[in-house]
Amino acid sequence: MKHSVVLEYKRCRGCTTCIKSCPTEAIRVRNGKAAILNARCIDCGVCIQVCPHKAIKSISDPLDMLKKFRYCVALPEPALYGQFHNMDDIDIILNGLLEIGFHDVYEVSKAAELVSDYQRQCITGGVDRVMPQISSACPTVLRLIRMRFPKLIPNIAPVITPVELAAILARREAVEKTGLKPEEIGVFSIVPCSSKVTAALTPDGLNHPVLDGAFAIRDIYLRLLSAMKKLRGQELRPLSSSGIMGVGWAYCGGESAARMGERYVAVDGISNVIRMLEEIEDGRLPEADFIELNACVQGCVGGCLTVENPYGARMRIKKLMKGLPVSRNRFTFKGKDRDVVKFDYELQYVPVFVLDQDRAAAMDKLAKIEALEQQLPGLHCGSCGAPSCRAFAEDVVLGRASEEDCIFKMRERMQYMAGSSDADEYLPAPFRRKREPPHGHRK
Amino acid sequence: MEPIKLTYHVEGGDLIGAGEASSKMKMALKKLDLPQETIRRAAICMYEGEINMVIHADGGRAEVEIAMDHITIRMIDSGPGIPDVDQAMEEGFSTAGEIARDLGFGAGMGLPNMKRYSDEMKIDTTLGVGTTVTMRFNL
Numbered sequence: 005m006k007h008s009v010v011l012e013y014k015r016c017r018g019c020t021t022c023i024k025s026c027p028t029e030a031i032r033v034r035n036g037k038a039a040i041l042n043a044r045c046i047d048c049g050v051c052i053q054v055c056p057h058k059a060i061k062s063i064s065d066p067l068d069m070l071k072k073f074r075y076c077v078a079l080p081e082p083a084l085y086g087q088f089h090n091m092d093d094i095d096i097i098l099n100g101l102l103e104i105g106f107h108d109v110y111e112v113s114k115a116a117e118l119v120s121d122y123q124r125q126c127i128t129g130g131v132d133r134v135m136p137q138i139s140s141a142c143p144t145v146l147r148l149i150r151m152r153f154p155k156l157i158p159n160i161a162p163v164i165t166p167v168e169l170a171a172i173l174a175r176r177e178a179v180e181k182t183g184l185k186p187e188e189i190g191v192f193s194i195v196p197c198s199s200k201v202t203a204a205l206t207p208d209g210l211n212h213p214v215l216d217g218a219f220a221i222r223d224i225y226l227r228l229l230s231a232m233k234k235l236r237g238q239e240l241r242p243l244s245s246s247g248i249m250g251v252g253w254a255y256c257g258g259e260s261a262a263r264m265g266e267r268y269v270a271v272d273g274i275s276n277v278i279r280m281l282e283e284i285e286d287g288r289l290p291e292a293d294f295i296e297l298n299a300c301v302q303g304c305v306g307g308c309l310t311v312e313n314p315y316g317a318r319m320r321i322k323k324l325m326k327g328l329p330v331s332r333n334r335f336t337f338k339g340k341d342r343d344v345v346k347f348d349y350e351l352q353y354v355p356v357f358v359l360d361q362d363r364a365a366a367m368d369k370l371a372k373i374e375a376l377e378q379q380l381p382g383l384h385c386g387s388c389g390a391p392s393c394r395a396f397a398e399d400v401v402l403g404r405a406s407e408e409d410c411i412f413k414m415r416e417r418m419q420y421m422a423g424s425s426d427a428d429e430y431l432p433a434p435f436r437r438k439r440e441p442p443h444g445h446r447k
Numbered sequence: 022m023e024p025i026k027l028t029y030h031v032e033g034g035d036l037i038g039a040g041e042a043s044s045k046m047k048m049a050l051k052k053l054d055l056p057q058e059t060i061r062r063a064a065i066c067m068y069e070g071e072i073n074m075v076i077h078a079d080g081g082r083a084e085v086e087i088a089m090d091h092i093t094i095r096m097i098d099s100g101p102g103i104p105d106v107d108q109a110m111e112e113g114f115s116t117a118g119e120i121a122r123d124l125g126f127g128a129g130m131g132l133p134n135m136k137r138y139s140d141e142m143k144i145d146t147t148l149g150v151g152t153t154v155t156m157r158f159n160l
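Protein chains in written order, with this note's numbering: chain H, 5 to 447; chain Z, 22 to 160.
The hints are simulated quantities; they were obtained by calculation from the structure and are not laboratory data. From a predicted model like this one, the values you see are computed outputs, not experimental measurements. Hints may contain errors.
Unchecked claim - So these bits of chain Z aren't anywhere near chain H, every CB distance computed over 12 Å:
1. LYS26
2. GLU58
3. ILE97
4. THR116
Claimed, not checked - Reference excerpt, derived from the structure (chain Z facing chain H, CB under 10 Å, subset only):
5. LYS47
6. LEU55
7. MET142
8. ILE144
Claimed, not checked - With a straight-line Cα cutoff of 25 Å, these simulated SDA-like cross-link-like pairs (lysine to any residue) come out:
9. Z:LYS52 - H:GLU407
10. H:LYS234 - H:GLN379
11. Z:LYS52 - H:GLU103
12. H:LYS369 - H:CYS385
Where a beta carbon is used, it is the ideal one built from N, C-alpha and C, also for glycine.
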């Protein structure tokens with residue numbers, strides 16, 4: 005799998021900030037540089053946000069990609085709408101997109117309304133489903149569940165994301181409108197996070213990508229802003245075609261509100277998401293029927309590739325909603341056509357945390373990890389390049405590190421070799437043992 | 022293959038923090054790729070056991086033993102002991118205090134759930150000395 009989250013080698017100074025914040029312990033520091041364990045990365049973007057040297061970034065497509073296609077459609081995520089000051093008309097943003105090189109716009113919020121309507125029809129139609137249903141809207145959450153909570157895979161609503169539905173429908177419309185072949189049309193999402201950049205080309209639940217690429221809000225922001233300024237006073241093409249329900253998907257709770265159920269929980273922030281999944285897994289929340297999980301704080305407005313702070317963006321989106329109707333799109337597909345929103349296949353478990361496929365071998369490794377962890381200082385100092393002593397013990401047993409990469413283990417060995425306890429007496433302040441103050445210190 | 026022994030400390034008086042041991046055990050069991058349903062049952066039982074220890078016994082410890090064909094969980098506390106085990110096993114019977122009830126605990130389902138979700142359960146209790154609940158899960 006190709007991830008959008010990558011390390012800019014030159015900028016990385018090998019500090020240990022990112023390794024501690026990674027929710028799947030997917031980063032190690034080796035030879036002075038961070039290294040991402042690709043199989044474990046869920047593209048949440050937390051490392052991008054915490055890196056003090058701006059060395060971790062998400063590679064999205066350059067805008068030049070548009071030149072490869074004869075007709076290009078922009079699919080703006082609603083989180084984009086919250087990025088501008090003094091904005092009272094979504095059409096200014098959408099017309100701005102036409103100015104920077106797109107031929108047409110298909111709002112992701114429009115597809116979101118279709119998804120929500122479909123979900124409501126499933127509820128009233130009494131479609132049999134595993135409860136509680138878990139939202140499939142956040143690709144990072146899907147990857148997390150596939151790796152760490154396989155028991156909950158059947159709970160995931162088998163529905164593609166609004167941006168994917170938008171891509172399918174936008175391409176169909178463009179083919180009809182222009183008479184071009186589907187492959188001559190470029191369909192690009194404008195996204196708030198690394199997770200959606202990755203998902204554009206490696207989607208979950210779809211056999212083939214439906215997008216031609218993704219642009220980060222952050223990367224097109226300035227060009228879009230200046231295009232929007234030039235539009236001032238000019239007549240705008242009416243493009244906005246969604247209501248409060250669709251636009252609300254930009255923040256945590258919006259998807260749940262549009263579903264119109266009452267017994268839902270909407271969770272934001274990756275650590276809260278993990279805690280919630282633990283509880284659901286143990287059946288500790290039996291009354292909930294829908295779980296909306298957003299990896300980012302405040303939902304998509306908190307994505308690592310946005311410009312504005314999530315709270316301000318949310319406030320602005322709420323203001324923009326004031327003039328909008330509740331919902332402007334209904335899911336009217338009939339028969340087989342209804343399958344357009346469904347996954348092509350059921351999501352599969354990705355056992356990246358499993359120590360060994362063979363149970364006896366896995367048990368042997370776990371026993372060794374436990375034994376080694378007991379001997380480690382438990383300071384989680386990060387000097388070994390692993391996020392915790394536990395993760396380090398696992399690295400050693402799995403052959404990713406050697407025991408002497410722990411400076412405390414190394415020190416023990418040096419003391420032993422020197423044959424005296426005085427050898428290498430110096431320790432940095434956090435690791436020193438407390439000494440009694442000298443007599444007469446206090447008066 | 023020697024069974025693996027894991028020990029978790031359960032802090033007394035911390036109802037909100039209860040579940041930490043079960044969460045850690047769950048991660049360990051997942052790393053062994055044991056059957057998901059068994060992991061779930063073991064985690065549910067451990068969580069119920071943790072809650073019980075916090076409410077009634079000011080904490081204790083959980084010992085987990087993983088063998089090739091089964092998991093054993095022992096919840097060991099030095100609390101007041103259970104005066105009438107049969108009564109304690111009745112659904113809905115609880116001696117939990119007001120604070121625990123206000124937090125939504127004390128529904129009297131702890132021990133019944135532990136019995137329901139484990140393959141075997143045994144309670145050893147002595148008044149004034151403590152209680153050990155042993156649960157077995159077949160693999």
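Task: Residue hint LYS47 of chain Z, partner chain H, criterion CB-CB below 10 Å - done: 7 Å, holds
Open item on the list: If we take the beta carbon of THR116 of chain Z, is the closest beta carbon in chain H still more than 12 Å away?
Closed with: Per Cβ check, THR116 of chain Z is outside 12 Å of chain H; nearest 22 Å; holds.
Open item on the list: So ILE97 of chain Z supposedly isn't at the interface. Is its beta-carbon more than 12 Å from every beta-carbon in chain H?
Closed with: Holds, because the least Cβ-Cβ distance between ILE97 of chain Z and chain H comes to about 19 Å, which exceeds 12 Å.
Open item on the list: So, as I understand it, the hint says ILE144 of chain Z touches chain H; can you test that by seeing if any CB pair is closer than 10 Å?
Closed with: With a closest approach of 22 Å, the ILE144 of chain Z hint is violated.
Task: Least C-beta distance between LYS26 of chain Z and chain H, which was stated to exceed 12 Å - done: 8 Å, violated
Open item on the list: The output says GLU58 of chain Z does not contact chain H. Does that hold with a beta carbon cutoff of 12 Å?
Closed with: It is violated; GLU58 of chain Z is separated from chain H by about 7 Å at its closest Cβ, not greater than 12 Å.
Open item on the list: Check the hint pairing LYS234 of chain H with GLN379 of chain H against an upper bound of 25 Å on the C-alpha distance.
Closed with: At roughly 65 Å apart (the allowed maximum being 25 Å), GLN379 of chain H and LYS234 of chain H break the hint.
Open item on the list: So if I understand the rule, the pair passes when the alpha-carbon distance is 25 Å or less; does LYS52 of chain Z with GLU407 of chain H pass?
Closed with: Holds, at roughly 21 Å.
- [ ] Would you mind confirming whether the straight-line C-alpha gap from LYS52 of chain Z to GLU103 of chain H stays at or under 25 Å?
- [x] 52 Å, violated
Open item on the list: Run the distance test for LYS369 of chain H versus CYS385 of chain H: straight-line Cα separation, threshold 25 Å.
Closed with: Distance of about 23 Å is within 25 Å: holds.
Task: Supplied contact hint for LEU55 of chain Z, tested at 10 Å Cβ to chain H - done: Interface hint status for LEU55 of chain Z: holds (8 Å vs cutoff 10 Å).
Open item on the list: Can you verify the interface hint for MET142 of chain Z: is its Cβ closer than 10 Å to any Cβ in chain H?
Closed with: Not OK, violated: MET142 of chain Z not within 10 Å of chain H, min 18 Å.
Hints 1, 2, 7, 8, 10 and 11 from the list above are not met by this structure, while the remaining hints are.
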